[in-house]
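Participant: Listed here are the chains, written in short residue letters.
2 protein chains.
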Amino acid sequence: MSDARLTATYAVRADRASIAARAEALALEQSVEVPLAAVRDARVRDEVVARVESIAPRDDDRHDVRIAMAIETTGHEPGQLLNMLFGNSSLHDDVELSDVELPRSFAAGFGGPRFGIAGWRDAVGAAGRPLTCSALKPLGLSVDSLASLAGTLARAGIDVIKDDHGLADQQSAPFAARVAAVQRAIDAANRDTGGRTIYAPSLTGSLDAMRLQMKAACDARTGALMIAPMVSGVSTLAAVAREAGVPTLAHPALAGAARIAPPLLLGRLFRLFGADATIFPNAGGRFSYSPATCAAIARAARERWCGLAPALPVPAGGMGVERVPGMRATFGDDAMLLIGGSLLVAGDALEGRCRAFVAAVRDTAGTEHSGEAHR
Amino acid sequence: MSDARLTATYAVRADRASIAARAEALALEQSVEVPLAAVRDARVRDEVVARVESIAPRDDDRHDVRIAMAIETTGHEPGQLLNMLFGNSSLHDDVELSDVELPRSFAAGFGGPRFGIAGWRDAVGAAGRPLTCSALKPLGLSVDSLASLAGTLARAGIDVIKDDHGLADQQSAPFAARVAAVQRAIDAANRDTGGRTIYAPSLTGSLDAMRLQMKAACDARTGALMIAPMVSGVSTLAAVAREAGVPTLAHPALAGAARIAPPLLLGRLFRLFGADATIFPNAGGRFSYSPATCAAIARAARERWCGLAPALPVPAGGMGVERVPGMRATFGDDAMLLIGGSLLVAGDALEGRCRAFVAAVRDTAGTEHSGEAHR
Numbered sequence: 001m002s003d004a005r006l007t008a009t010y011a012v013r014a015d016r017a018s019i020a021a022r023a024e025a026l027a028l029e030q031s032v033e034v035p036l037a038a039v040r041d042a043r044v045r046d047e048v049v050a051r052v053e054s055i056a057p058r059d060d061d062r063h064d065v066r067i068a069m070a071i072e073t074t075g076h077e078p079g080q081l082l083n084m085l086f087g088n089s090s091l092h093d094d095v096e097l098s099d100v101e102l103p104r105s106f107a108a109g110f111g112g113p114r115f116g117i118a119g120w121r122d123a124v125g126a127a128g129r130p131l132t133c134s135a136l137k138p139l140g141l142s143v144d145s146l147a148s149l150a151g152t153l154a155r156a157g158i159d160v161i162k163d164d165h166g167l168a169d170q171q172s173a174p175f176a177a178r179v180a181a182v183q184r185a186i187d188a189a190n191r192d193t194g195g196r197t198i199y200a201p202s203l204t205g206s207l208d209a210m211r212l213q214m215k216a217a218c219d220a221r222t223g224a225l226m227i228a229p230m231v232s233g234v235s236t237l238a239a240v241a242r243e244a245g246v247p248t249l250a251h252p253a254l255a256g257a258a259r260i261a262p263p264l265l266l267g268r269l270f271r272l273f274g275a276d277a278t279i280f281p282n283a284g285g286r287f288s289y290s291p292a293t294c295a296a297i298a299r300a301a302r303e304r305w306c307g308l309a310p311a312l313p314v315p316a317g318g319m320g321v322e323r324v325p326g327m328r329a330t331f332g333d334d335a336m337l338l339i340g341g342s343l344l345v346a347g348d349a350l351e352g353r354c355r356a357f358v359a360a361v362r363d364t365a366g367t368e369h370s371g372e373a374h375r
Numbered sequence: 376m377s378d379a380r381l382t383a384t385y386a387v388r389a390d391r392a393s394i395a396a397r398a399e400a401l402a403l404e405q406s407v408e409v410p411l412a413a414v415r416d417a418r419v420r421d422e423v424v425a426r427v428e429s430i431a432p433r434d435d436d437r438h439d440v441r442i443a444m445a446i447e448t449t450g451h452e453p454g455q456l457l458n459m460l461f462g463n464s465s466l467h468d469d470v471e472l473s474d475v476e477l478p479r480s481f482a483a484g485f486g487g488p489r490f491g492i493a494g495w496r497d498a499v500g501a502a503g504r505p506l507t508c509s510a511l512k513p514l515g516l517s518v519d520s521l522a523s524l525a526g527t528l529a530r531a532g533i534d535v536i537k538d539d540h541g542l543a544d545q546q547s548a549p550f551a552a553r554v555a556a557v558q559r560a561i562d563a564a565n566r567d568t569g570g571r572t573i574y575a576p577s578l579t580g581s582l583d584a585m586r587l588q589m590k591a592a593c594d595a596r597t598g599a600l601m602i603a604p605m606v607s608g609v610s611t612l613a614a615v616a617r618e619a620g621v622p623t624l625a626h627p628a629l630a631g632a633a634r635i636a637p638p639l640l641l642g643r644l645f646r647l648f649g650a651d652a653t654i655f656p657n658a659g660g661r662f663s664y665s666p667a668t669c670a671a672i673a674r675a676a677r678e679r680w681c682g683l684a685p686a687l688p689v690p691a692g693g694m695g696v697e698r699v700p701g702m703r704a705t706f707g708d709d710a711m712l713l714i715g716g717s718l719l720v721a722g723d724a725l726e727g728r729c730r731a732f733v734a735a736v737r738d739t740a741g742t743e744h745s746g747e748a749h750r
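Quick note, the sequences are listed as chains L and S, same order. Under the numbering used here, the first residue of the first sequence carries the number 1, and numbering increases by one thereafter. Under the numbering used here, the first residue of the second sequence carries the number 376, and numbering increases by one thereafter.
Certain hints may be false.
Unchecked claim - Below, computed lysine to any residue pairings styled on SDA-like, alpha-carbon distance capped at 20 Å:
id : chain 1 : residue 1 : chain 2 : residue 2
1  : S       : K590      : L       : D208
2  : L       : K215      : S       : D583
3  : S       : K590      : S       : T568
4  : S       : K590      : S       : R489
5  : S       : K590      : S       : E618
6  : L       : K215      : L       : R184
Claimed, not checked - Residues from chain S shown here face chain L by an in silico Cβ test under 8 Å; the list is partial:
id : residue
7  : R426
8  : V427
9  : T448
10 : Q455
11 : N458
12 : M459
13 : G462
14 : N463
15 : H540
16 : S607
17 : S663
18 : S665
19 : V720
20 : A724
By construction, these hints were calculated from the structure, which means they are not laboratory data. Ideal placement from N, C-alpha and C gives every residue a C-beta, glycine not left out.
Please build the complete structure, drawing on both the sequences and the hints.
Facilitator: Right, here's the structure in full:
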């Protein structure tokens, strides 16, 4: 592949008789967006019009169509890259964007994770085991209740406490007041236990609003930040990751329906644009991702790719403590296991249930390895 | 409906035996995101947990599930509203978000279109007929070529010339240089013809990048701006619409796959967040939206709703001049007809083809009316 092109792979539903024409139409739609007859400029024809590289049947009645696209069309910008990969074709329900191959220098320009897996480990002081994560919820609790909950989770030794993705800047627990109080409660617990729990508040709204929130989080000295890139736009993720100064955790809200293969979107692209960790609904929970999809997300987040730091995969979504050994076996050490609601239903036994979660992760540590080379 | 709740309607694929439980799970997922047993706070149970209002079978093996959600969870912010409407449930492929009902005061808080249909008419001096629109493309042309094309379109009397949605801030035609040159070409044409063509350059990147682009557009005195809200994030659309000073045109890139009903997303929500016009793929073009869907998008953009100004529906996507009478009959006067590629294939006959487009719109004007009450 020349450095002037990237290659996008689409899964296209079309029969053998029509796939060649459909692939050509897709290449035009995702580059010049006019019939070829309307492209009179020789340079545009030669260097800008996307080219069908290969067409191969899949196992599922679809075809893999690989299309080489001119790097110059992306403007080296996250939102525009996504636009050129799938902007108009998202309106065609016979097409799924399944993968991209990027020239190394192009990918490096986006920067990828600033902290990566090593940064998460440094932040919480965890080596040789998965990290643990839980969530502050439900939405609607007061600042004091959320802070009290955070203190309990921290005393139990959870590594990363994140906001529920529904927590924003609501009246029931305004961002600045919540973040300050939650961080104080975690600081107090850390002093008591000698632990190093960190907090990832959820950023919402425009980049302006997020900058005010980042200022409040920085003032409170939170150790991480969370963002939902498909709600905020991936350009906003990239700006936040560049400015955050702490690891960023990507939430998949609004991402599931996008007909972009989850390993590509939640794994590769969120990593490319700077997410240091990526939450995804694990198989067997209350979402429908398959074990193979989940394994592919983890691989895309961690594998050696274009010199970018690896991002931490965060399986979640209806997990319970009894799932820890299985998740540990599936995802290995370089993962963060997120258990939320199933801890909270313990009521007064919450701290004990959290301790069981932490112990289960430490007990199984060191027995298996993901075996993937990073970078 | 109490002002403290909004009502979201979901089309859910589930049989009669399981739909009640599925609806309750959906209500929890889109509010507190924990099992009800984990909600110990009485206020949260009473005021924050979403409630299933009704379940009704549809014609298509699915059920309409209406869920009343607490307004307070939205933080009165566009991205967070979308998150609460469909953040996690986008990850469930048995659910489509099909409609929302908002209290009038809540909707008014978002502002809606600043200019609306009347603003577009004022800007181009068009009364009693649809507006005409065409696009600068293909991507990859130089600044001079794009400016020359814009001059031709303007001389032919096209009302609104927009950037192709693929045009961003690429090296082949950097934003600031392109916008200045294109606007100069349009100004020259307007002086020659006495016309009032305006230009809508496409904003891309983060809000920071868009602000620089808005400054360049403002310096060049462009009459409109375009943005793709599902790429940028809806919070960015709202910020841009608030600051633009000229009508904004929403592009549907990345929006088609979102499993949010197009009339709701492209019509109602983009309007709510400030778009003055909304482009959608018209039936019979190269996209697969049905005539009923297109009519519903136009209705959602224009109908009387919460005191918000109406937005201009912009049918597009593989339209040709021969489609003008049909589009005029379908959408009435209060529309902007967008024809791009099929004009450009005319080559040297481009200006004549554009004049035919303009004449076709003016010829059929005044014979039919959409008949919808606005605001």
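Participant: Would you check whether S665(S) satisfies its interface hint, that is, whether its CB is within less than 8 Å of any CB in chain L?
Facilitator: violated, 12 Å
Participant: Are K590(S) and R489(S) close enough, with their CA atoms no more than 20 Å apart?
Facilitator: Within the cut-off at roughly 19 Å; holds.
Participant: Do the alpha carbons of K215(L) and R184(L) lie within 20 Å of each other, as the hint requires?
Facilitator: holds, 16 Å
Participant: Would the hint linking K590(S) and D208(L) be met if the CA-CA limit is 20 Å?
Facilitator: Cα-Cα ~17 Å, so holds.
Participant: Take the C-alpha atoms of K590(S) and T568(S), compute the straight-line distance between them, and say whether it is at most 20 Å.
Facilitator: violated, 28 Å
Participant: For the restraint on V427(S), tell me whether the closest CB of chain L is nearer than 8 Å.
Facilitator: At 17 Å from the nearest chain L Cβ, V427(S) fails the 8 Å test, so the hint is violated.
Participant: Is the interface hint for S607(S) satisfied, with its Cβ closer than 8 Å to some Cβ of chain L?
Facilitator: At 5 Å from the nearest chain L Cβ, S607(S) passes the 8 Å test, so the hint holds.
Participant: Under 8 Å, Cβ to Cβ, is where M459(S) needs to be relative to chain L, so tell me if that hint holds or is violated.
Facilitator: holds, 7 Å
Participant: Would you settle whether the hint for S663(S) is holds or violated, based on the nearest Cβ-Cβ distance to chain L being less than 8 Å?
Facilitator: holds, 6 Å
Participant: Taking the closest Cβ pair, is V720(S) under 8 Å from chain L?
Facilitator: holds, 4 Å
Participant: Do the numbers back the hint for A724(S), that is, is its least Cβ distance to chain L under 8 Å?
Facilitator: violated, 12 Å
Participant: Can you confirm whether the C-alpha distance between K590(S) and E618(S) stays at or below 20 Å?
Facilitator: holds, 10 Å
Checked against the numbered hints given earlier, this structure breaks hints 3, 7, 8, 18, 20; the rest are met.
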